[in-house]
Amino acid sequence: MQPATTNRKLMWWGINILVLLYAFVPVFWLLSLSLKNAETLNDGNYFPTHPTGASYQAIFQNDDFVRSLINSIGICLISTLVAIVIGTMCAYAIARLQFPGKAAILAMALLVSMFPQIALVTPLFKIETAIGLFDTWPGLIIPYITFALPLAIYTLSAFFREIPWDLEKAAKMDGATPYQAFRQVITPLAMPGVFTTAILVFIACWNDFLFALSLTSTSNARTVPAAMSYFTGATTFEKPTGPIAAAAIVITIPIVLFVLVFQRRIVAGLTSGAVKG
Amino acid sequence: MTATPTPAAAESADLQIEEETTAIARKRHNEAKAAERKLGLLLVSPAVVIMLAVTAYPVLYAIWLSLNKADLRRPNDNHFIWFSNYVTVLSSPIWWTAFGVTALITVVSAAFELALGMILAIIMHRTIVGRGLVRTSALVPYAIVTVVAAFSWRFAWTQDLGWLAPKGSAPLTSFWPSIGIIILAEIWKTIPFMALLLMAGLALVPEDLLKAASMDGASAWKRFWMVTVPLIKPAILVALLFRTLDAFRIFDNIFILTSGSNNTSSVSMVTYSNLIRGLNLGIGSAMSVLIFITTGIIAFAFIKLFGAAAPGADPGGRR
Chain A
1 MQPATTNRKL MWWGINILVL LYAFVPVFWL LSLSLKNAET LNDGNYFPTH
51 PTGASYQAIF QNDDFVRSLI NSIGICLIST LVAIVIGTMC AYAIARLQFP
101 GKAAILAMAL LVSMFPQIAL VTPLFKIETA IGLFDTWPGL IIPYITFALP
151 LAIYTLSAFF REIPWDLEKA AKMDGATPYQ AFRQVITPLA MPGVFTTAIL
201 VFIACWNDFL FALSLTSTSN ARTVPAAMSY FTGATTFEKP TGPIAAAAIV
251 ITIPIVLFVL VFQRRIVAGL TSGAVKG
Chain B
1001 MTATPTPAAA ESADLQIEEE TTAIARKRHN EAKAAERKLG LLLVSPAVVI
1051 MLAVTAYPVL YAIWLSLNKA DLRRPNDNHF IWFSNYVTVL SSPIWWTAFG
1101 VTALITVVSA AFELALGMIL AIIMHRTIVG RGLVRTSALV PYAIVTVVAA
1151 FSWRFAWTQD LGWLAPKGSA PLTSFWPSIG IIILAEIWKT IPFMALLLMA
1201 GLALVPEDLL KAASMDGASA WKRFWMVTVP LIKPAILVAL LFRTLDAFRI
1251 FDNIFILTSG SNNTSSVSMV TYSNLIRGLN LGIGSAMSVL IFITTGIIAF
1301 AFIKLFGAAA PGADPGGRR
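Just so you know, the protein sequences line up as chains A and B, in that order. For the first sequence, position 106 matches number 106 in my numbering, and the numbering has no gaps at all. To convert, take the position in the second sequence, counting from 1, and add 1000; that gives my numbering.
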């Protein structure tokens, strides 16, 4: 690399600013809508002239929204936890053990990840109404786990392949019991990968709309993305812009925090499972 | 080895012990292998059972439903009707319009995403200042909920309300502007995903090779096409395959932006309408099966035509 001159630095800063604008303009537009007051809502300006927190107050006084927020958090956390436990077991076996059918499992995971989810909506709707899972937490958690598993298995097995497993043997030679070797040597090495995968899985569950929309009918299990599409305004023809924008910002905050804090890990996780020559 | 022969021991005894220990070792080795196989199968079984139960079984059920008249509004009139549902769907202009719209959105957005994703990948890979900042902000569109982003675009293009909407017109109420906005929303959301996959490919291009090409007088443009692109072709194809399949499933953006008005429904949208709004499970299932088949054809075509290797397709190959 040539030494960076001031001009080249300036050029790169210019390019970086373009990327920032690309990423944040639609997000800040929602933020500004959520802060506009009723009089200036329809003025078409990008920035609010009289910012107010009224929309946020309105949604947090709305039981349906609060309930859907609890649903979103609960359902996504449980799905992530279960998918990570099952996915870790599976990925460990794929990365470390010799057994028949490995290729078939990876092929199946790939198929599931490419699966058109809409093709499952009809049968799942029918099956879930028949066995009483329709409009319940498990009714959403089960499909979420299923579609999170391929992501978890691919990402985790890529991470597990990079772990220097000989360290475990070395620890045992130094007198550690198998449990100690696993707990004190392998677990600290594996945790970052597991954690990264958990973030990716959570983001994927948090993002779901189709299942949340078709497998729920009340605020019993409806998550925020689905609830937002059901928000009603003063009249049935009018969508309540302010509250929708506020709800959108509320569910974007955890995502932006994840990205800010774990940028490196998310990038590593997204690229590790995917392309390696 | 458990027994260490003393220097005084006879050579024959030594050999004997060695033979015995290898036999034991081999037996232990075989036992260990069997145990490993057992553990492996045990560890993967929960994942396999869940994936099979939630996808394979419902798919078979969907195929069965698609061969039946299954209308929840007339539950007493359900019976086996062979392929009538498929005839109904395939002779319906609604299905073919949706199919055309989906194909158009898929092709146009995949093309733009590849070009813009490549530019973003190069920026993230090459920038000499604020690399962390650029990568962090590029992750925002990837991580944000699709419905949230779709609402942002919808409000932005709503008459009077939106900062992008031209005065006195409502772009989301006519066909072509709607399609354009749907594609814009789709591209905005997925450029980062494309860029990250391509960046992983770019990281594998040896710097020396680019330097050598540069010394031979190749321009940056030529280096990109003659050195970088051929080397990262596998990354490009995998990224394209994933995005094409993903774009073909488009639902969230259209549902929020237009709800399928003015013929902007995708195949997933018309299937959803038949199922949840129309409660016609037979027709809905036939559409589901057709989408499933189309997805299969796209994946097969990619692998056959371009030889796109699915990631992890050969397990152990990267060990």
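There may be inaccurate statements among the hints.
For lysine to any residue, the following SDA-like pairs were computed, each having C-alpha atoms within a straight-line distance of at most 20 Å [said to hold, decoys possible]:
| # | chain 1 | residue 1 | chain 2 | residue 2 |
| --- | --- | --- | --- | --- |
| 1 | A | Lys9 | B | Gly1130 |
| 2 | A | Lys102 | B | Lys1222 |
| 3 | A | Lys126 | B | Ile1122 |
| 4 | B | Lys1033 | A | Leu21 |
| 5 | A | Lys169 | B | Leu1067 |
| 6 | B | Lys1027 | A | Lys102 |
| 7 | A | Lys102 | B | Leu1279 |
| 8 | A | Lys126 | B | Leu1279 |
| 9 | B | Lys1222 | B | Leu1210 |
| 10 | B | Lys1038 | A | Lys9 |
| 11 | A | Lys126 | B | Gly1130 |
| 12 | A | Lys126 | B | Lys1211 |
| 13 | A | Lys9 | B | Ala1034 |
| 14 | B | Lys1038 | A | Lys126 |
| 15 | B | Lys1033 | A | Lys9 |
| 16 | B | Lys1211 | B | Leu1067 |
| 17 | A | Lys102 | B | Leu1210 |
These are calculated hints, taken from the structure and not from any lab test. Bear in mind the structure is a predicted one, so any value in this text is a computation, not a measurement.
Tested hints:
1. For a cut-off of 20 Å, the pair hint linking A/Lys9 to B/Gly1130 stands: about 10 Å separates their Cα positions.
2. Taking the CA atoms of A/Lys102 and B/Lys1222, the gap is near 42 Å; set against the 20 Å cutoff, the hint is violated.
3. Restraint check for A/Lys126 and B/Ile1122: not satisfied, since their Cα atoms lie roughly 47 Å apart, outside the 20 Å limit.
4. Taking the CA atoms of B/Lys1033 and A/Leu21, the gap is near 56 Å; set against the 20 Å cutoff, the hint is violated.
5. Simply put, A/Lys169 and B/Leu1067 have alpha-carbon atoms about 57 Å apart, too far for the 20 Å limit, and the pair is violated.
6. Annotation: proposed proximity of B/Lys1027 to A/Lys102 is violated, straight-line Cα distance about 25 Å (limit 20 Å).
7. Between the alpha carbons of A/Lys102 and B/Leu1279 the distance comes to roughly 40 Å, so the proposed pair goes past 20 Å and is violated.
8. Distance hint between A/Lys126 and B/Leu1279 is fulfilled; the C-alpha atoms sit about 11 Å from each other, no more than 20 Å.
9. Proximity of B/Lys1222 to B/Leu1210 is assessed by CA-CA distance (about 10 Å); at most 20 Å being required, the pair is judged to hold.
10. Between B/Lys1038 and A/Lys9 the CA atoms are separated by roughly 58 Å; this puts the pair beyond 20 Å, and the hint is violated.
11. For the proposed pair A/Lys126 and B/Gly1130, the alpha carbon gap of about 51 Å is over 20 Å, so the pair is violated.
12. For a cut-off of 20 Å, the pair hint linking A/Lys126 to B/Lys1211 is broken: about 61 Å separates their Cα positions.
13. Note on A/Lys9 and B/Ala1034: the hinted pairing is violated, with a Cα-Cα distance of about 60 Å set against a maximum of 20 Å.
14. Restraint check: the Cα-Cα separation between B/Lys1038 and A/Lys126 comes to about 36 Å, which exceeds 20 Å; the hinted pair is violated.
15. Simply put, B/Lys1033 and A/Lys9 have alpha-carbon atoms about 58 Å apart, too far for the 20 Å limit, and the pair is violated.
16. Of the supplied pair hints, the one linking B/Lys1211 and B/Leu1067 is violated, its CA atoms being roughly 62 Å apart against a limit of 20 Å.
17. Taken as a hint, the A/Lys102 and B/Leu1210 pair is broken in the structure, with Cα atoms around 38 Å apart against an allowance of 20 Å.
Hints 2, 3, 4, 5, 6, 7, 10, 11, 12, 13, 14, 15, 16 and 17 from the earlier list are contradicted by this structure; the remaining hints agree with it.
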